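Novice: Could you put the whole structure together from the sequences, leaning on the hints where they help?
Chain by chain, the residues run as shown.
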Amino acid sequence: MIRKLALAGLMAAGLGFSAQAQTFTPAVIFDMGGKFDKSFNEAAYNGAERFKKEFGGTYAEFEVTNEAQRTQAMQRLARGAGATPPASIVICIGFAFGSTLEQVAKEFPRTKFVIVDSVVDAPNVSSVVFREHEGSFLVGMAAAMASKTAKVGFVGGMDIPLIRKFHKGYEEGAQHVNKSVQVFMNMTGTTPAAWNDPTKGGELARSQFERGADVIYAAAGATGLGVLQAAKDSGKLSIGVDSNQNHLHPGSVLTSMVKRVDVAVYNAMKSAKDGSWKAGVQSLGLKEDGVGYALDANNEKLITADMKAKLDAAKADIIAGKIKVTDVTAK
Amino acid sequence: MEDAFLMIVTMASATLRVATPLVLAALAGLFAERSGIVDIGLEGKMLGAAFAAAATAAVTGSAWLGLLAAIAASTVLSMIHGFASITHNGNQVVSGMALNIMVAGLCPVLAQAWFRQSGQTPMLGQQARFGPIELPFAAAVAKVPVIGPLYAQVISGHNILVYIAAIAVPLVGFIVYRTSFGLRLRAVGENPEAVDTAGVSVSRLRYQALILAGILCGVAGAYLSTAHNAGFIRDMTAGKGYLALAALIFGKWKPVPTLLACLLFAFADAVQIRLQGVPVPGIGVIPVQLIQALPYILTVFLLAGFVGKSIAPRASGIPYLKER
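Top line first, the protein sequences correspond to chains A and B.
If you're matching positions, the first sequence starts at 1 in our numbering and goes up one per residue.
If you're matching positions, the second sequence starts at 332 in our numbering and goes up one per residue.
Hints were generated in silico from the structure; no laboratory data involved.
As the structure is a prediction and not an experimental result, all values here were calculated from the model.
None of the hints are false.
Okay, derived cross-link-like pairs now, DSSO-like style, lysine-lysine, Cα gap no bigger than 27 Å in a straight line:
#	chain 1	residue 1	chain 2	residue 2
1	A	K232	B	K474
2	A	K308	A	K324
3	B	K474	A	K148
4	A	K151	B	K474
Specialist: Here it is, written out as structure tokens:
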């Protein structure tokens, strides 16, 4: 009797499994900042949640906490394990997945992969990159216009070309407003731990405030939370990144350089579901609304009408190609 | 000249902020190790306390309740260490390491279960944190040259836990060197047989030392999550427990030298942050990687040359077995 029950149970489980395997199951792998970094990874999470809300079903997810897990997570999601069926599409959030994905994409030629912030050249990989320098240019302008000391700061996460790209755009934007503006720059570290060290971020921000900066742009994942907090504690201004972070400290966050990772994730899932998914490289900038600056009820008092007019004019000029922003990662 | 002075003032202030958790944790280690218990679990206790403080402060909105919870959590962890290594004569290093690993895993899991924010606690508002305290006359003397800025910016304007750490140093010194409890504590770390022969319980003394260590680690953890930062984040201690242990060895298990070692580490960190991207006269901009390695280079340099011989309490690390 017991044996029969067990057998029936097994069969039911087996049926359930095969039924599930046919449904569409996307998967997302978050990077080390963590799903709720209120920034880059959280944007991806919001995109996935939006897809889930609109189309129902679920998505598989994984948050890596160390380097070794990158390959494991990708393989496990692509292959499926236990109750999780093989994923139809695996979305990797972050440049750091690049080298791993080059190998794993070959191992699973029938699985669709998406990588954000890096380019992987394979027939089953779609790479989404953003022109962050364009959005950073705009917030650099905003910083220079809001600064009373003509000194502004930048706190980066891990010292990689991608973050240098944010910095260069920011610096050019600030100097576009005022030639003599001084831009301080600090990087938190040279390992992925630099994405999740708000203590260090806060100390870096304080050191820049002490040198006279009064607006600091944080492009550092969860480390940026420490920068925003330090700005709030010192009564200065900060600029958020990736997600709209204006609501974190209303009145202290000048604006946020939003990078629509949520749209990228949502579109990838949607196109994979309706069959329009294509491999290749997508570059999203101001023109595609892939990047921009955030304006909402939390910062409307900080961004004056005059500032807004100048920012919108510059935005149009960048789209039209009249202003060229340097992309340090361009070859 | 003015700039250089301002830089010194801000660096001194940053040094105090960074040194506070190191000082508290190192003093906790001092109690434990002076009683003969190696306390490699400082890191785990601090992390557990940081989590308890942030979680409690997030739920109740009170930084003080958070501090109490931190002390309680850290003391419980300390007692687990004691139970394994005093009552059951376990290996103290293994027990301490186990504590570190357990806490590093447990805190994010609990945070995830309670707050559903992927192993973090919610960000704390101003009232749930320890805010800066203006000391009396700070504004009044700020204009006085040299002494004014030193008092107003370096000494005044920190949160209460920084001042608690400052008071803890002479207090610990007093307890260890001027009380009968301190005398017994030092004796039990050097020669437990003698203490036992005198009719004083070795394990009781060692448990008491671990309770004190737990309390101090609790304050250190609460500082990290509710004063210096605004919430708990996975692995937020980032090796500060081990650094505190190193400072304790530098300081030869004595309160004031240990304080100086902690300040030195913190100063190296403050310098490191401020040297990044700043041209040094005559040298130019130093590469970031070299600057970030500075605290570690300094550590090796000092360990090799300056500290001299550092002798641990003789019975440290050895479980006490009564011979019959």
